[in-house]
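What follows is each chain in one-letter form.
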Amino acid sequence: MGATWSDVADWIEPLSRGFVLNLEITFITILLGFPGGFVLALLVERRSPWVRWPAMVIVEIGRGAPALVLLQFVYFGFPQIDLTLSSFASAIVALSVSTACYTSEIIRSGLAAVPKGQKEAAEALNFSSADSMRFVVFPQAAKISSPAMMGFSILILQSTTLCFTIALPEIASQAYEIGSTTFQYFPILSLTALFFIFVCVPASFLVGWFERRSEP
Amino acid sequence: MDQAASVRPDPSTATLPEDVSPLVRMRHLCKWFGEHEVLRDISLDVDSGEVLAIVGPSGSGKSTLLRCINLLEEPSAGSLNVGELTVEFDHPVKRRERKALRQQLGMVFQSFNLFPHMTVLENICLPQRRVLGRKRDEAEAVAKDLLEKVGLTDKAAAFPSNCSGGQQQRIAIARALALDPRVMLFDEPTSALDPELGLEVLSVMFSLAQSGMTMIVVTHEMSFAEKVSDRTLFMAEGKIVEAGPSADVIRRPQSERARRFFRAVNGL
Ligand SMILES: Nc1ncnc2c1ncn2[C@@H]1O[C@H](COP(=O)(O)OP(=O)(O)OP(=O)(O)O)[C@@H](O)[C@H]1O
Ligand SMILES: [Mg+2]
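Note that the protein sequences, when read in sequence, are chains A and B. Once you know that position 91 of the first sequence is 91 in full-length UniProt numbering, the rest is easy, because the numbers rise by one and skip nothing. Once you know that position 76 of the second sequence is 76 in full-length UniProt numbering, the rest is easy, because the numbers rise by one and skip nothing.
No false leads were mixed into what you were given.
A few chain B residues that don't get close to chain A, going by computed Cβ distances all over 12 Å:
(1) Ser43
(2) Arg136
(3) Asp137
(4) Val228
Here are the computed lysine to aspartate or glutamate pairs in the EDC-like style, where the Cα-Cα straight-line distance is at most 16 Å:
(5) Lys119(A) to Asp131(A)
(6) Lys144(B) to Asp180(B)
(7) Lys99(B) to Glu73(B)
(8) Lys116(A) to Glu73(B)
(9) Lys99(B) to Asp131(A)
(10) Lys119(A) to Glu73(B)
(11) Lys99(B) to Glu120(A)
These aren't lab readings, by the way, just hints derived from the structure by calculation. Cβ coordinates follow ideal geometry from the N, Cα and C atoms, glycine included.
When you get a sec, could you build the whole thing from the sequences and use the hints?
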């Protein structure tokens with residue numbers, strides 16, 4: 001008993017509803033995680049060991065722990081210390097932390113790739129160190145890092161499907177639920193994959209185009 | 001007794017009245033990079049309006065000396081005096097001291113170091129707005145005026161990558177001048193350029209010198225040192241070996257070390 005086109009049509013709606021959640025979480029995670037990564041990158045570069053070491057420990061934990069474990073830790077573990085978060089909030093917290101830790105390394109190498117002469121010119125012109133970062137170093141580092149950051153954004157979108165383990169009705173949960181009642185796993189999961197391909201393939205092309213463009 | 005480095009009596013400073021203090025004054029400046037002593041007890045005076053050339057073999061500490069003046073490198077010992085400001089290097093330099101010192105100094109680098117993500121006009125305006133707090137209109141007026149002086153009015157809207165090396169260096173000079181420095185520091189401003197493009201830069205520097213700007217120029221261009229600078233300083237191994245009127249130092253060096261250097265430079 002195969003799936004008919006009308007079955008597929010019925011699935012589109014719940015899957016889309018789920019996928020909107022995946023996109024929302026991705027968007028918010030980028031919004032919080034990228035600046036977090038920037039802050040961590042700055043802290044890790046600080047001279048004072050009192051700042052540098054804690055930041056390095058956070059980054060290593062965030063990069064070392066699988067995103068799935070972080071998700072479960074926040075959703076199931078936090079309530080034990082009387083901090084109960086909704087599955088949506090848990091997803092945001094866990095994925096933002098993971099994103100901040102991973103992207104801090106990307107941003108750090110981007111900052112390091114800005115020629116030393118640029119910082120020196122800003123310094124010699126008497127820029128404050130905040131202005132030097134804001135107007136001279138950061139814009140150039142952002143351009144250098146942007147292909148890797150865009151690539152990482154695609155990975156975030158894909159990792160949002162892990163949220164099916166914390167009872168979030170995102171697309172993978174929807175697919176799993178439909179599959180468990182209809183047993184049409186093959187078509188429903190194919191359809192789910194199509195949703196991602198629909199977003200990720202154009203995005204990858206965009207990243208590739210960007211990478212080629214930023215190589216002078 | 002005047003401790004300024006001067007192997008021979010220097011007529012240009014000897015005739016100055018006692019109470020006219022030099023614009024830049026270094027005393028017993030030392031710089032260590034780890035175990036390596038790069039500047040050894042440098043004492044030097046530069047008067048207002050003077051053009052000083054610094055020459056010497058590679059690795060002799062010329063760039064380090066220049067970078068110590070605007071604190072891109074922090075000297076290990078000694079003192080530095082620019083205008084009314086004195087900084088002693090017996091303690092770590094305070095931010096306030098650094099700001100006040102750099103306020104009076106402009107610097108031009110061998111590799112131009114224009115900001116590649118900004119137009120030429122923005123390169124010259126942004127520092128004025130952020131550092132001096134000038135309004136946009138005022139900054140643009142200053143920038144356009146300076147671009148005219150360096151002969152690049154038509155490049156205002158261009159990006160640095162669309163300018164030749166000689167043009168970029170002239171823009172870098174305009175960018176530094178826009179902040180009204182009292183002293184301009186140049187670190188081999190023409191070394192990265194073809195001779196022809198270097199000439200455009202040298203002519204801008206020449207008219208700057210004519211206008212009375214105090215300049216300290218590290219250079220390999222002996223003709224510039226000889227024709228434009230009032231005084232030439234020959235450095236080797238982190239020390240000032242000779243200092244005096246440019247023609248004397250370059251044409252009739254006293255020390256064997258300097259003679260060897262100038263012979264090599266002149267290809268003899
Ligand atoms: N940041 C640094 N750390 C360690 N050593 C340095 C540093 N900067 C310069 N040096 C050393 O200090 C010495 C003087 O360097 P400096 O760049 O001042 O020489 P220079 O006279 O400008 O030479 P050149 O003509 O090649 O530019 C060199 O031996 C150099 O290796
Ligand atoms: Mg040098």
